[in-house]
Amino acid sequence: MAFEKLILQHEKRVYNIAYRMFYNESDALDMTQEVFLRVFQKINQFEDNAAFSTWLYRITVNTCIDEIRKRTGKETYSMDEPRETEEGNMIRQYSVTEKGPEELYLEKERMEALHEAIQLLPEEYKTVIILRDLQNFSYQEIADILSCSLGTVKSRIARGRMQLKNILLQQKRELFNKTTV
Amino acid sequence: MTCEKIQENISLYLDGILDEEERKKLEQHINECDQCALEFTHMLDIMDMLHSIPQKDVPHKFHKELIKKIDQVNNSSSDNKKNKILRSLKPIAAVFLLLLFIGTSAILILTPMGRMSKSIRNDSAPQEMIESKAENTVTSESYDREVTFDTEESKLSESSRSFSEIGSLQGQKIIKTASLSLEVEEFDSVIQDIRQLVESNGGYVASAETYIYSSNYEKKEYLKEGHMKIRIPSEKYGTAQQQLIEMGHLKHQSENSENITEQYIDTQSRIRMLKVQEERLLAIMEQATKVEDLIKLEQRLNEVRTDLEVFQGRIQNWDQLVTFSTIEIQIRQIKKASLQTVSPNFTVKMKDGFIDSINHAQSSIERFLIKIARHFIQIIFGILLALIGIWTIRVIYKKIKMKGE
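Residue numbers (the numbering used here), protein chains in the order written: chain A, 1 to 181; chain B, 1001 to 1405.
Honestly, the hints are just simulated from the structure, not real lab data.
Computed from a predicted model, the values in this text were never measured in an experiment.
Where a beta carbon is used, it is the ideal one built from N, C-alpha and C, also for glycine.
Across the chosen pairs, the derived CB separations fall in these ranges: (1) B:Leu1038 to A:Gln41: 49 to 55 Å; (2) A:Gln9 to B:Leu1100: 51 to 57 Å; (3) B:Arg1023 to A:Leu37: 41 to 47 Å.
Over 12 Å on every C-beta distance to chain A, these chain B residues come out as not near it, computed from the model: (4) Phe1101; (5) Val1184; (6) Leu1223; (7) Ile1372.
Please construct the entire structure, taking both the sequences and the accompanying hints into account.
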């Protein structure tokens, strides 16, 4: 069926967005399935073919955010990685990880840290960072998907990145502290 | 530009959406400001890191399972709900409409249709009777004629014998009489035609009579019948008859020729003799002297003259009759569907059949319309119910459709 073609086209992207939202494979899979089911059911309501991807990803973002909010009641953190504030609590996993050769682990840790940092972002920043830096949607596309103005998108992306940077620096500091200790 | 603003612009700069002016400002500032330059570096790092995160592949099973689930959704729940309710509605709707249909048609069919055929028969019956009467009269007339013909004929046969002795027929005095019975469709025009014919042939109408013999007040049909006695110059008598016959449908024809030559001649000779007597008497009266004689002579003269008048009158009459033949015409108007030929029985039936079918068709249509008028309200009611039913079904269908979405 034609719908399968649509699924194949967008499957990976939807999955990655979901994965980045939850940083959890099974959650991501559930979410992806949910997204496509919703799309299938609501496809009658959809009017314009040109804006289909926008519509699809809007559903993706909303489905994920709905689920996140459902789970935590808070904007920011997912259940798997409970966090309280930005101020720099260490990630359990992070603290437990064993350290091998410094560089390797640094590299790995760097990536890990990044992933975690993304998870720590507030909802709005997280969404735009995922869409912009991880999925390469254009500013305009993001504005369409999130149904907000271009200006909002610009400021959110800028601030999101800055926050990310701050979180990473914090973690780095701690890491740095740890390693040094 | 303040550092804060510059730092805000770094992100945009790195995405390449900063306009020319702002870009230059930023580049300039970064060259000068260490803090901002540091920020710039950090931002660059982060973005590099972000961009280096690989895309995860969708697990292989997942796609298949997703397709399965979608198919399940497609076939089950929502559609079934729709279909089930629709399906259960369909028979209900069908039964409802069927009942309506049966109801309304039952109302219409309730009064039996086939009652009226007999009354139609009755309508045509009197017509039949009239016609047969007319026929009878016609035949009786012609019979009378024939009777006279018979009685005359014996005389004629005698006189014809004597005449054959006398010689050719050219000097003969023959009175021709004919009787025609015509059936026509257009009565008045035929009468006109006959009159014209008479005039053009140099004849005259001796008598004419018209009356209506059949009236049908409902249809406003009045059938006329008429008698005409016309006198046509004897030389044109034959052609005139032919022309008359062509005017209508000949039902009956009879001809009669009376040869009165013998009587005529007798009468003529008597007249001669009477005239001679008359002259002689006149001569004697001139020489008579006595009054008694004169009176007697006078009486005798009167007798002679009276006889003379009678005989002369006869001659004149005969002259008339011989010169002008008589044609008696009976004209009868008939309805178009019922022209009769000389063999009456079959065509009478045919005519009846035609009339019947036309009348029947006409009255059935009338009855049907009356029936509709009588049951008008019920019909309207039935239609309203049907419409309401259809409308309700539509509404329910729409609701189901919306719920499904």
